[in-house]
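Just need the whole structure built from these sequences, with the hints factored in.
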Amino acid sequence: MLGNTADARIIFEEEFNRQIRRTGWRVFTVGVPLLMLIVAFVVPVITDTFSDGGGSGVGETVGFIDHSGVTDSLESFPGLIRLSGLDIGTQALVDGEIKALFVIPADYVAAGRVDWYRQGSGLASEDNTGDAFLNVLRIAVIDDFLSDELVARVISPASYTLFKVDDLGRPDSSGSLQDEIARAAPAFVFAMLLLFSIFVGSGSLLQSVTEEKENRMVEMLITSTSPMSIMLGKILGLGAAGLLQILIWLVAASISVPQISDQFSGLSSLSLEVDLIVLLIAFYFAGYFVFAALMASIGAASTSVREASQISAIVMVPAIIPIYTSALIIPNPDGVLARVLTFIPLTSPTASMMRIAGGTEALYEIILGLLVTALSGVFLLWLSARVFRAGILLYGQRMSLRSVWGALRQAG
Amino acid sequence: MAYALEIEGLTKRFGDKTVVNDISFTVDEGEVFGFLGPNGSGKTTTIRTALGILRQDAGEIRLLNGLSATDAMPRVGYLPEERGLLRKEKVSNILRYLGRLRGLSKTDALDRGLELLHRVGLYEHRDKKVEGLSRGMTQLVQFVASLIHQPDLIILDEPFSGLDPLNVQLMKEMLAIEQNRGATVIFSTHVLSDVEEMSERVALIADSRLILFGDLHEIRVARGANSVLVEATSHPRFLPGAQHQAGRGGQTEYRLSDQLTPEMILNAYASEGIVLSRFEQVLPSLNDIFIEEVSNARQHR
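Chains as they are written, first to last, in the numbering used here: chain A, 1 to 412; chain B, 1001 to 1301.
If you're looking for bench data, these hints aren't it; they were derived computationally from the structure.
Among the clues, some could well be false.
Reference excerpt, derived from the structure (chain A facing chain B, CB under 8 Å, subset only) [what the hints assert, rightly or not]:
1. D7
2. D131
3. N135
4. V136
5. L137
6. V141
7. L150
8. T223
Quantities reported herein were computed from a predicted structural model and do not represent experimental measurements.
All C-beta atoms in this analysis are idealised placements derived from N, C-alpha and C, irrespective of residue type, glycine included.
Below, the structure is given as structure tokens:
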């Protein structure tokens, strides 16, 4: 069924070596970690250099003028400068002494309106100075009536601890919302890695298969070994090169993610049970295999890389659908949509990953989905070998389902 | 009898079109066999089917003493008509790759590849990418690849097309070495002089059918002489029905017909008392046979 494994191993080695010798592969492999390291180490330095400094209260030095007296009870607030008049305030803004100027009118308590003066371009809605000043106002309004603890609760009412109650009514703590995000994150990471591997790997596969046809080397190959060995060697060889690339990136990420995660909350503590990690890894490989075999079939049936790329772009869409609909799958990981997508070979890998992210309780369905994916991969590998052999008859011909079918029958 | 290739009643159709029609011939072990035919006659399809690349609609194919194409393939070297190699790959890497696929170890494949590159004068180009080679050089590399595993049967589809005379000669010499080693060589061509030079036996295919097969000399003898070459100090002034052509050194060639037989020519010289130094019946050239047979086949279509 899997052809001559010794030949497949030779093709695996040759394809792997050929791929990692390519300039494109090397540039990409080094370029991505370099970008990660730049984001991790250089961007914070640049941000610090070009930022205006600022205190811990509102993040930047902000001036305010209060005509209402609501802030009179505030003795001092980090990063806030009380100013006496609009002229002085706008001049401080022009001089760069303050980042923003807020003017609280006399009727503020009744009207709830504040004037916000700022300089330069950029959307005010994207400037967090405004949100930070709203907190200052909240504290100012309630400060006279409530204790410091109550003021703190108004600003930050609570952080949830989640409990899952089983069918017997027994509660089991599953940590905080942050913990839940941390548990969902690995599944997302695997889904993204899979998508990335499919996108990058499929390009290499299409190129490899169509190149041999365009270069007319295919007849020499096909009289040296079986099409199945050729396809298996190619898929695994290019897959291994892709995996090596990802491993290099993961090493780079392990160095830079702690730095990056400081800037993005919730990423710092990724965690998941070992069995789910194993399942995700299995889905990653099965998912790559099914798409790679499909791409190999398309490459084998096409007469040029360009033609193959156009068709392959369409078949990659199913892999994206579960991620696109993750807003529906994750809150309801055992719903009808999630279940259906689990059993369709091309959507199963990412759909199952999204279900794992959503904390599905139907793990047997996920395992069944894995089986469906793996079997589909083997079928598509067999198909790609047949099409590859038949493809010799399609030299220079325009590809159509009819011509491919005809060639398949001719090749036997 | 040991056959390197046996084809029996081979028929191959593409849709409604019959490309190879009930062809049968055999190739003996150790011979250089010419597979002749005009362009589009079905030579390449016959070869591809014999190698198992295409599946026949009818007929039997056996290679290397009764083996199927799949079983015989490790002992077969093949140069396809469609030329080409991976353009971005180094010459030595490609030879190593193809050599390994034909059962050689990594080291042996590389050593043998380099040795053959030496022989065809391309050793200096071993580290060049294929895209940096001329078309002729690429063809030689592909030729080398077909010999790398010292195959018992070498099948070459139009091996000399596009090559300059020096490279054609080089290729012929290498094929002679392969034959001396014991390999069988089958090559397809429509260049008749190559066949006359290299082969003792031929098969001629035209319009999908086999129209001639056998020993080249026997075929020519069987067709009979179609002219007589006479060398003499002078020639008869009058010879009825003679179409003659004067050659060098007092040679004249008479085209034979029903009105002009060798006896009539001989009598004409004798009656005028001319002394002959040479009187020889000339067999038809392969070129004559090719044109005649292909034309006949097309007339009967």
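Hints, verified against the model:
no. : hint : verdict
1   : D7   : holds, 6 Å
2   : D131 : violated, 55 Å
3   : N135 : violated, 61 Å
4   : V136 : violated, 64 Å
5   : L137 : violated, 66 Å
6   : V141 : violated, 71 Å
7   : L150 : violated, 72 Å
8   : T223 : holds, 5 Å
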